[in-house]
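Student: Sequence:
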Amino acid sequence: MSNFLLILSCLGLGAVLRAAALFPREAHVSLNAFIIYISLPALTLRVVPALEIHPVMLFPFITGLLIFVLASLFFKLMAKWLALDRATEGCLVLVCGLGNTSFVGFPVVEALYGVEGLQVAILVDQGTFLTLAVGGVLVALRYSGEEVKVGLMLRKVLYFPPFLAFGLALLCMPWGLPDVLKPVLDKLAATLTPLALVSVGLQLRFDLSAFRARDFGLGLGYKLVMAPAFIGALAWLWLDTQSLLFRVTVLEAAMAPMVTASILASQSRLNPPLATLLVGLGIPLSGLSLAGWVWCLG
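Just so you know, we're using this note's numbering here: the sequence shown kicks off at 754 and counts up by one.
Among the hints, erroneous ones may be present.
[Stated by the list, open to error] With beta-carbon atoms standing in for the labels, derived distance ranges:
| # | residue 1 | residue 2 | range |
| --- | --- | --- | --- |
| 1 | Ala836 | Lys935 | 52 to 58 Å |
| 2 | Trp991 | Leu775 | 23 to 29 Å |
| 3 | Ala982 | Leu759 | 18 to 24 Å |
| 4 | Phe776 | Trp991 | 40 to 46 Å |
| 5 | Cys1049 | Arg1022 | 19 to 25 Å |
| 6 | Met810 | Leu761 | 29 to 35 Å |
[As the list claims (entries may be wrong)] Okay, derived cross-link-like pairs now, SDA-like style, lysine to any residue, Cα gap no bigger than 25 Å in a straight line:
| # | residue 1 | residue 2 |
| --- | --- | --- |
| 7 | Lys935 | Leu818 |
| 8 | Lys940 | Glu869 |
| 9 | Lys829 | Glu805 |
| 10 | Lys940 | Pro927 |
| 11 | Lys829 | Leu819 |
| 12 | Lys909 | Gly920 |
| 13 | Lys940 | Leu924 |
| 14 | Lys829 | Val809 |
| 15 | Lys940 | Phe916 |
| 16 | Lys909 | Cys925 |
| 17 | Lys909 | Ser897 |
| 18 | Lys940 | Gly765 |
| 19 | Lys935 | Gly920 |
| 20 | Lys833 | Leu761 |
| 21 | Lys935 | Lys829 |
| 22 | Lys940 | Leu761 |
| 23 | Lys940 | Leu759 |
| 24 | Lys940 | Gln1020 |
| 25 | Lys940 | Ser897 |
| 26 | Lys935 | Cys925 |
| 27 | Lys909 | Ala886 |
| 28 | Lys829 | Leu818 |
| 29 | Lys940 | Ala886 |
| 30 | Lys909 | Tyr790 |
| 31 | Lys909 | Val868 |
| 32 | Lys935 | Leu1050 |
| 33 | Lys940 | Lys833 |
| 34 | Lys940 | Val1047 |
| 35 | Lys940 | Gly1045 |
| 36 | Lys940 | Gly929 |
| 37 | Lys909 | Met831 |
| 38 | Lys909 | Lys833 |
Rather than coming from a laboratory, the hints here were simulated on the basis of the structure. Every residue gets a Cβ at the ideal spot worked out from N, C-alpha and C, and that includes glycine.
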């Protein structure tokens, strides 16, 4: 209960700080930088070396890619059926094809399943990040008509701090971490939940001036219901449905749209009002759908 109170408190604090203008307008940029360069690498280094690798762990790693590929096919079909404009189609693929698996996902998974759940969540998040860095950028460039620069994409992937930490953590697996580092990493990793959720709260926007129920409902319906149902069906064929691996993977698939994907869509002029709204309303609404998925998972 205390973990969920922390989640709600931090989201609320972020929203209040933004509304009261007590923080600088771009304060979330600094918080995000700390999370990306310090909190996430520390958590990855602390949790991943303790993993016991099995072939079934490939499934959570490719979950983000599977959701993104399905989104590309689904929204392409919907675009033809509903005559969606190209910018809206690109926005839906990009924003609703990628989930908020770390900033919101990690705190929720930790609250429900503890550190063991985080081990699975990190696998989902790393796969989702790679999908964003390659597939997400390609979609943004394709729908905005910009040139694809493969070298730039590869550099972004290889030099992304959590990805570097993930590689280092894999190298440490045979020997484990020195005991002296564990409490240090624990304290740094503990900053993730409050900072990430305050940052999300600072970024929530509820501009309803450009609200279109059809596009909004289509996007969130896919991300909060269809995507986790799809992953759950595939996982049912591959994983033990009573396992932590199954539950965390499906729950991460049910997370709200990714903030970074929304920013990328806006920068690429792919229906920025819709991109902002999908995240701004999607994150609070996902609390209801996540409760439903937790109940379904048992």
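Student: Now tell me, hint by hint, if it's right for this structure.
Tutor: Each hint, compared with the structure:
For Ala836 and Lys935, the hinted distance range of 52 to 58 Å is satisfied, since their beta carbons lie about 56 Å from each other. Between Trp991 and Leu775 the beta carbon distance is about 47 Å. The supplied range of 23 to 29 Å is therefore violated. In this structure, Ala982 and Leu759 break the distance hint of 18 to 24 Å, their C-beta atoms being roughly 29 Å apart. Our hint of 40 to 46 Å for Phe776 and Trp991 holds, since their Cβ atoms are close to 44 Å apart.
Checking the proposed 19 to 25 Å range against Cys1049 and Arg1022 shows it is violated: the Cβ atoms sit about 38 Å from each other. Between Met810 and Leu761 the beta carbon distance is about 31 Å. The supplied range of 29 to 35 Å therefore holds. Under the criterion of a C-alpha separation no larger than 25 Å, the hint pairing Lys935 with Leu818 is inconsistent with the structure, at around 32 Å. The straight-line distance between the Cα atoms of Lys940 and Glu869 is roughly 17 Å, inside the 25 Å bound, and the hint therefore holds.
A C-alpha spacing of about 39 Å is found between Lys829 and Glu805, which places the hinted pair above 25 Å, so the restraint is violated. For the given pair, Lys940 sits about 24 Å from Pro927 by alpha-carbon distance, which is consistent with the 25 Å threshold. As the CA atoms of Lys829 and Leu819 are separated by approximately 15 Å, the hinted pair is consistent with the 25 Å bound. Taking the CA atoms of Lys909 and Gly920, the gap is near 15 Å; set against the 25 Å cutoff, the hint holds.
A hinted pair counts as satisfied when its Cα atoms are at most 25 Å apart, and Lys940 with Leu924 qualifies at roughly 22 Å. Distance restraint check for Lys829 and Val809: the Cα-Cα separation of roughly 31 Å exceeds the 25 Å cut-off, and the hinted pair is therefore not satisfied. At roughly 20 Å between alpha-carbon atoms, Lys940 and Phe916 fall within 25 Å of each other, so this suggested pair holds. Between Lys909 and Cys925 the alpha-carbon distance is near 23 Å, which keeps this suggested pair within the 25 Å criterion.
Between the alpha carbons of Lys909 and Ser897 the distance comes to roughly 20 Å, so the proposed pair stays at or under 25 Å and holds. A distance of roughly 23 Å separates the Cα atoms of Lys940 and Gly765; the hinted pair therefore holds under the 25 Å criterion. Proximity of Lys935 to Gly920 is assessed by CA-CA distance (about 18 Å); at most 25 Å being required, the pair is judged to hold. Straight-line distance between C-alpha atoms of Lys833 and Leu761 comes to about 39 Å, which puts the hinted pair past the 25 Å bound.
Between Lys935 and Lys829 the alpha-carbon distance is near 47 Å, which puts this suggested pair outside the 25 Å criterion. Between Lys940 and Leu761 the alpha-carbon distance is near 21 Å, which keeps this suggested pair within the 25 Å criterion. Proximity of Lys940 to Leu759 is assessed by CA-CA distance (about 17 Å); at most 25 Å being required, the pair is judged to hold. Taken as a hint, the Lys940 and Gln1020 pair is broken in the structure, with Cα atoms around 35 Å apart against an allowance of 25 Å.
A distance of roughly 42 Å separates the Cα atoms of Lys940 and Ser897; the hinted pair therefore is violated under the 25 Å criterion. For the suggested pair Lys935 and Cys925, the alpha carbons sit about 13 Å apart, so the restraint of at most 25 Å is met. A C-alpha spacing of about 7 Å is found between Lys909 and Ala886, which places the hinted pair at or below 25 Å, so the restraint holds. For a cut-off of 25 Å, the pair hint linking Lys829 to Leu818 stands: about 17 Å separates their Cα positions.
The hinted pair formed by Lys940 and Ala886 fails the criterion: a straight-line CA distance of about 29 Å is larger than 25 Å. About 14 Å separates the Cα atoms of Lys909 and Tyr790, which keeps this hinted pair within 25 Å; it holds. With a CA separation close to 28 Å, the supplied pair Lys909 and Val868 exceeds the 25 Å bound. Distance restraint check for Lys935 and Leu1050: the Cα-Cα separation of roughly 32 Å exceeds the 25 Å cut-off, and the hinted pair is therefore not satisfied.
Pair hint Lys940 plus Lys833 does not hold up; C-alpha atoms about 50 Å apart against a cutoff of 25 Å. Annotation: proposed proximity of Lys940 to Val1047 is violated, straight-line Cα distance about 28 Å (limit 25 Å). For the hint pairing Lys940 with Gly1045, the CA-to-CA distance comes to about 32 Å; that exceeds 25 Å, so the pair is violated. Taking the CA atoms of Lys940 and Gly929, the gap is about 18 Å. The hint holds against a cut of 25 Å.
Restraint check for Lys909 and Met831: not satisfied, since their Cα atoms lie roughly 31 Å apart, outside the 25 Å limit. The straight-line distance between the Cα atoms of Lys909 and Lys833 is roughly 33 Å, outside the 25 Å bound, and the hint therefore fails.
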